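Protein chains in written order, with my numbering: chain A, 7 to 259; chain B, 5 to 265.
For the record, the hints were derived by calculation from the structure and aren't laboratory data.
Mixed in with the good hints, there may be bad ones.
[Stated by the list, open to error] FRET-style restraints, in silico, Cβ to Cβ:
| hint | chain 1 | residue 1 | chain 2 | residue 2 | range |
| --- | --- | --- | --- | --- | --- |
| 1 | A | 99 | B | 252 | 54 to 60 angstroms |
| 2 | B | 132 | A | 249 | 24 to 30 angstroms |
| 3 | A | 73 | B | 113 | 38 to 44 angstroms |
| 4 | B | 228 | A | 255 | 50 to 56 angstroms |
| 5 | B | 22 | A | 99 | 30 to 36 angstroms |
| 6 | A | 249 | B | 110 | 46 to 52 angstroms |
| 7 | A | 187 | B | 64 | 43 to 49 angstroms |
| 8 | B | 142 | A | 249 | 27 to 33 angstroms |
| 9 | A | 119 | B | 77 | 50 to 56 angstroms |
| 10 | B | 111 | A | 249 | 27 to 33 angstroms |
[To be verified] Here are the simulated BS3-like cross-link-like pairs (lysine-lysine), alpha carbons at most 25 angstroms apart as the crow flies:
| hint | chain 1 | residue 1 | chain 2 | residue 2 |
| --- | --- | --- | --- | --- |
| 11 | B | 136 | A | 171 |
| 12 | A | 176 | B | 242 |
| 13 | A | 52 | A | 217 |
| 14 | B | 158 | A | 171 |
| 15 | A | 165 | B | 158 |
| 16 | A | 54 | A | 39 |
| 17 | B | 136 | A | 165 |
[Stated by the list, open to error] Taking beta-carbon pairs under 8 angstroms as the criterion, some of the chain A residues facing chain B (in silico):
| hint | residue |
| --- | --- |
| 18 | 45 |
| 19 | 148 |
| 20 | 150 |
| 21 | 214 |
Since we're looking at a predicted model, the values are computed, not measured.
Every residue, glycine too, gets a C-beta built ideally from N, C-alpha and C.
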Amino acid sequence: MSIRRVLIPVFAVVVFLLLWELLVWVNQWPNYKMASPTDIWPAFWKFKHLFLEYGWQTLWRTVVGLLLSIMFGTLIGLLMGMSKVIRDGLYPLLVGFNAIPKATVVPIIALMFVGQHNMNTILMAFMISFFPIAVSVSIGLSTLEPEYRDILRALGASKFTIFRKIALPKTLPEFFGALKVAVTLAFIGTNLVEIIEPHGRGLGHLFDSAKINSDYPLMFAVLIALAVMGIMLYYVVVVLEQIFAGWAERSPT
Amino acid sequence: MSLIRLSSVSHTFSTATGPLPVLDSLDLSINEGEFTAVVGPSGCGKSTLTRLIAGLLIPDEGEVWLHGERVVSPRSTVGMAFQNPVLLEWRSILKNVMLPLEIVSSGMPAKEQEQRARYLLSLVGLEGFEDKRPSELSGGMRQRASLCRSLVHKPDVVILDEPFGALDAFTREDLWQTMHSLREQEPFTALLITHDLRESVFLADQVIVLSGRPAHAQHVLDVDIPGKRTLEDLYTQKATEMLAELRQQIQIAQGKTAVTP
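Isolated chain A (complex conformation) (with noise of 0.2 angstroms):
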């Protein structure tokens, strides 16, 4: 079961390979348009010692963008999902800052704090996944039916008590499911500031000096570099999940 689970995904990405491979030889695309697999190997051969280098920066800065909107929007979606009258006065506050195009902001945070490379990135890692987390908490909690609290109020639990013991497990599922999509968006939000605001750090600068060098298959190389770490990042979360939140999956029947 186990080896299943790793081959069936490894064998579609040896799959998408191929068909990649095949679509540019069939099509005689030069390397300008779209560079094949084929191509994107030796580019990363090549500046294997700056993928190092740029790919911990731009990992590191994410994972920290990330721990800060856990703890940030875990807070929110605990408050609203606690209380009506916050979560009725944030949501409008919250949809609207998250509906402003996070590349718009990156100019603006960069002037704000001039100078601050690793702040203004971690700042916009942040800032853009911190939202289906709060919203995921706040659903959680807000939804957890009256008999589950009734049934530990009446043995005179506390509040926090009630928390603890049912709240918190059972809002786990959909924090998880939140955190999944918060770790591409995380990725996202440091590379805006890598590429917008080039500092000389991070992957998202590697693209842009290959992008300035015409050096088009490095291009494509980073992409596929920031793939493979969103997939890393995302089976982390993964196995963080079936150990916390493992009860939640059915298995078949």
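Based on these hints, arrange chain B on the given structure of chain A.
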């Protein structure tokens, strides 16, 4: 002295469309060890009654007494089971049953808590299912576990709010019998809210018929079936008469029949 006593309890909810009186000078008394069923038309305030006794709701007027003490807040001496078994999906059946003990008897050694839960599970026929998740059990089995949870901390009173309402007829009858054998092994006082008149007659020592909203106790029927009850007892002349009496009272409560002296 009665274990539970409600004296002229009235309660009104404020809703978007104005005040909604649900209970109107309701009197009720339940003795220790007694099984009381409450029947009545839909929406007549039966669930409000359970919340009042559990201390989850304080009445506008009148008093609720439990064990000679006035109920003004939730107390740990009540057990509850609902139509929805509300088991916690992330816990095993055993851990679900142990939940009230974690809150009420946190001083009790874990070993004893577990023994107590295992004992109750064995009484309802769930031996061997202790480590299963709720999602792996059938509806009837989940409801059995929910009953165990409501009894595990030896509450003064167990409040059963239509616990068998969502089950199919055969499973329901199985659970009725389980209730009787549970009471034999583990005597408890119970208040059962139900829509099923046969269920009320089969399980209860007294059946209280509530009037339509705002509800008061319209009629009390003492179910006089001595000895161990079996399903056959529901098909005797006596049971048929009791069911007819209850049916008539419900119709009066619904306002369908004029009150005949």
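Numbers of unmet hints, in rising order:
6, 12, 17, 18, 19, 20 and 21
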